[in-house]
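Asks: Sequence:
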Amino acid sequence: MDDTRDPAEPHAADGSAAAGALALRPLTARSIVLSTLLGHHPPQLTARALVRVGALFGAAEGTVRVALTRMVAAGDLEQRGGAYRLTDRLLARQARQDDSRAPRTRRWDGGWEIAVVTSDRRAAPSRAALRQAMAALRLAELREGTWLRPANLVRPRPAVAAEQCAWLTGAPEGDPVRLAARLWDLDGWAARARLLSAALERADGPAERFTVAAAVLRHLLADPVLPAGLLPSDWPGADLRRRYDAFERELRALLPQYAGD
1 MDDTRDPAEP
11 HAADGSAAAG
21 ALALRPLTAR
31 SIVLSTLLGH
41 HPPQLTARAL
51 VRVGALFGAA
61 EGTVRVALTR
71 MVAAGDLEQR
81 GGAYRLTDRL
91 LARQARQDDS
101 RAPRTRRWDG
111 GWEIAVVTSD
121 RRAAPSRAAL
131 RQAMAALRLA
141 ELREGTWLRP
151 ANLVRPRPAV
161 AAEQCAWLTG
171 APEGDPVRLA
181 ARLWDLDGWA
191 ARARLLSAAL
201 ERADGPAERF
211 TVAAAVLRHL
221 LADPVLPAGL
231 LPSDWPGADL
241 RRRYDAFERE
251 LRALLPQYAG
261 D
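For the sequence shown, position 89 matches number 89 in the numbering used here, and the numbering has no gaps at all.
Source of the hints: derived by calculation from the structure; they are not laboratory data.
Just so you know, not all the hints are guaranteed correct.
As the list claims (entries may be wrong) - DEER-style ranges, computed between Cβ atoms:
#1 171 x 222: 19 to 29 Å
#2 89 x 238: 25 to 35 Å
#3 155 x 178: 17 to 27 Å
#4 73 x 157: 50 to 60 Å
#5 229 x 104: 54 to 64 Å
#6 174 x 89: 17 to 27 Å
#7 48 x 172: 53 to 63 Å
#8 101 x 187: 15 to 25 Å
#9 172 x 107: 12 to 22 Å
#10 187 x 135: 33 to 43 Å
Computed from a predicted structure; not experimentally measured.
We put the CB at the ideal spot given by N, CA and C, even for glycine.
When you get a sec, could you build the whole thing from the sequences and use the hints?
Replies: What follows is the structure in structure tokens.
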């Protein structure tokens, strides 16, 4: 799902008190289209289907069609065989979102992944690309050029991370629980997770639930997915994923009534 929007685009109707309390962005035609396609497998639908989905969330047909045109021009979508589909860049994002809901983990033996930048001179775009890749890998920056996390995740490393860094495996001499708390704002993540969980439970109607669920999914992308031994005992990550999964099942049952051709 997606909760970004075009500032020039009018947003769909949304009377969500939860959205205001959590500073959530209202739905727009762009966010409706992206969220629908990011959650749809395969990620392509006709304009007519997307217009009907937009209507479900209060977006006018003309607003949806203008958003589709802008999204094609921006490289977010491409037209193929009468349908709109996500471009490769957003297909990668869909894969990250799918992984955030069910991260692939392995038994943790106490080791940590450590990445140290070895490139002497890097242009700003290269530095930005590495930072984005490290965030997707759920590594945290200990200091400039040094990234690490517990070695409990199974995922490929993108080329930009392999090319700019030397990768090592080690373990801290001090308390790994204290190190994890230093690297990640665990209390802050947990507090917002609980607020989002409660907001999703209280949300009334498809538009409000859709708005909150988009924020839930983005928050799951920021979950460090640490081993249980490094987390507070009441860590809400699994509960938030269960609530989002329940929402998606509800949405999948609803959308075919509107997205079918």
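Asks: Within 17 to 27 Å: is that where the Cβ-Cβ distance between residue 174 and residue 89 falls?
Replies: violated, 40 Å
Asks: Quick check on a hinted range of 12 to 22 Å for residue 172 and residue 107, using CB atoms only.
Replies: holds, 19 Å
Asks: Just to be sure I understand the hint, the distance between the Cβ atoms of residue 89 and residue 238 should be within 25 to 35 Å; is that true here?
Replies: holds, 30 Å
Asks: Mind checking the hinted window 53 to 63 Å against the Cβ distance between residue 48 and residue 172?
Replies: holds, 56 Å
Asks: For the hint 17 to 27 Å, verify it against the beta carbon of residue 155 and that of residue 178.
Replies: holds, 26 Å
Asks: Take a look at whether the Cβ-Cβ distance between residue 101 and residue 187 falls inside 15 to 25 Å.
Replies: holds, 23 Å
Asks: Go ahead and decide if the range 33 to 43 Å is satisfied by the Cβ distance of residue 187 to residue 135.
Replies: Given about 20 Å between the Cβ atoms, the range is violated.
Asks: Please test the hint of 54 to 64 Å on the beta carbon pair from residue 229 and residue 104.
Replies: violated, 19 Å
Asks: Is 50 to 60 Å a correct range for the gap between the Cβ atoms of residue 73 and residue 157?
Replies: Hint violated: Cβ distance 33 Å, outside 50 to 60 Å.
Asks: With 19 to 29 Å as the target window, see if residue 171 and residue 222 comply at their CB atoms.
Replies: Given about 25 Å between the Cβ atoms, the range holds.
Consistency with the previously given hints fails for numbers 4, 5, 6 and 10, ordered from lowest to highest.
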